[in-house]
Amino acid sequence: MSAGAYGHDRFKAGASGCTYTFATTNNVTTLTITAGSLQQVIEGLNLESGTYTLSWTGTVQGKIGAGSYGASGITGSITGGTNTTIEFNTGTLSLPQLEVGSTATSFDYRPYGTELALCQRYYEVHGGTANAFPQYFGYGSNGTNVGLALPFAVTKRAAPTVTALGTWTVSNCGQPSADSATVQGYRLYATCSSTNTIQFYPASSSEKVTISAEL
Amino acid sequence: MYKLTQLNNGIIRTSDNAWIPFDPANTDYANFKTAILEDKAQLQDADGNTMTAAQAKQFVKELP
Numbered sequence: 002m003s004a005g006a007y008g009h010d011r012f013k014a015g016a017s018g019c020t021y022t023f024a025t026t027n028n029v030t031t032l033t034i035t036a037g038s039l040q041q042v043i044e045g046l047n048l049e050s051g052t053y054t055l056s057w058t059g060t061v062q063g064k065i066g067a068g069s070y071g072a073s074g075i076t077g078s079i080t081g082g083t084n085t086t087i088e089f090n091t092g093t094l095s096l097p098q099l100e101v102g103s104t105a106t107s108f109d110y111r112p113y114g115t116e117l118a119l120c121q122r123y124y125e126v127h128g129g130t131a132n133a134f135p136q137y138f139g140y141g142s143n144g145t146n147v148g149l150a151l152p153f154a155v156t157k158r159a160a161p162t163v164t165a166l167g168t169w170t171v172s173n174c175g176q177p178s179a180d181s182a183t184v185q186g187y188r189l190y191a192t193c194s195s196t197n198t199i200q201f202y203p204a205s206s207s208e209k210v211t212i213s214a215e216l
Numbered sequence: 020m021y022k023l024t025q026l027n028n029g030i031i032r033t034s035d036n037a038w039i040p041f042d043p044a045n046t047d048y049a050n051f052k053t054a055i056l057e058d059k060a061q062l063q064d065a066d067g068n069t070m071t072a073a074q075a076k077q078f079v080k081e082l083p
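Chains as they are written, first to last, in our numbering: chain V, 2 to 216; chain B, 20 to 83.
Bound-form chain V, shown alone:
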């Protein structure tokens, strides 16, 4: 991945990019980082001032903020309210955890739905399934816009960037565009090319809207 590109669970490539493979055994995913580094920005809203401990299973070394790389259980000082980056270099990595205090405790297993909702504060995808949603059908006048006001599954950290991707299946309208996003939702619309029944929906897994409020 190039620098800043995202991979698993809000982790993105560090300044030099990142190359990694992954495998899942008994529901635990292990990343094998062979080049570069992998990092995650922790939102300051979730941090208080004090000592934090970063722990994981595997051979990578990790660091907190501007600190030095070290083995699992490394500690660092964090300023409350300030976005802070944790980063891992090459090796194997699973079950990473950042927690308050100077002692690493056992990994906190959280429900899948909880983890998904936590991710969706920063990123969400609508669509990506052929002939499914988001889908508009109705009647429109030539030259006017028709569309949908769509809520997010989770309120976003900030008003997000929204991008309609792919070539959608359309009837009597142009390709849909996404805009006017707030932390709660956005607008997906198309311009009618005739006065007629209007329809647009994803043609394949490539047609989707990405919604990013990443740090």
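The set of hints was computed from the structure by calculation and includes no laboratory data. Glycine is no exception: its CB is placed at the ideal position from the N, C-alpha and C atoms. Be careful, since some hints might not be right.
Listed below are several chain V residues computed to face chain B (Cβ distance under 10 Å; list not exhaustive) [what the hints assert, rightly or not]: (1) ALA159; (2) VAL163; (3) ALA165; (4) LEU166; (5) ALA179; (6) TYR187.
Add chain B to chain V, keeping to what the hints say.
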């Protein structure tokens, strides 16, 4: 390249047609402002006319 929208409530990043809000907490918006102010990108008005660097910078300076 970036482009203003008819609604004037955000900008379009023309490379991927992404719509970016005028929200200082949005990192793409911060990147847009930096790119314009450092002469690393151009800005078009809603009609597709490319602004001069000075016009684009003045516009960005008036944004939140």
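Results of checking the hints against the structure:
{"no.": "1", "hint": "ALA159", "verdict": "3 Å, holds"}
{"no.": "2", "hint": "VAL163", "verdict": "5 Å, holds"}
{"no.": "3", "hint": "ALA165", "verdict": "7 Å, holds"}
{"no.": "4", "hint": "LEU166", "verdict": "8 Å, holds"}
{"no.": "5", "hint": "ALA179", "verdict": "6 Å, holds"}
{"no.": "6", "hint": "TYR187", "verdict": "8 Å, holds"}
When each numbered hint is compared with the structure, no violation occurs for any of them.
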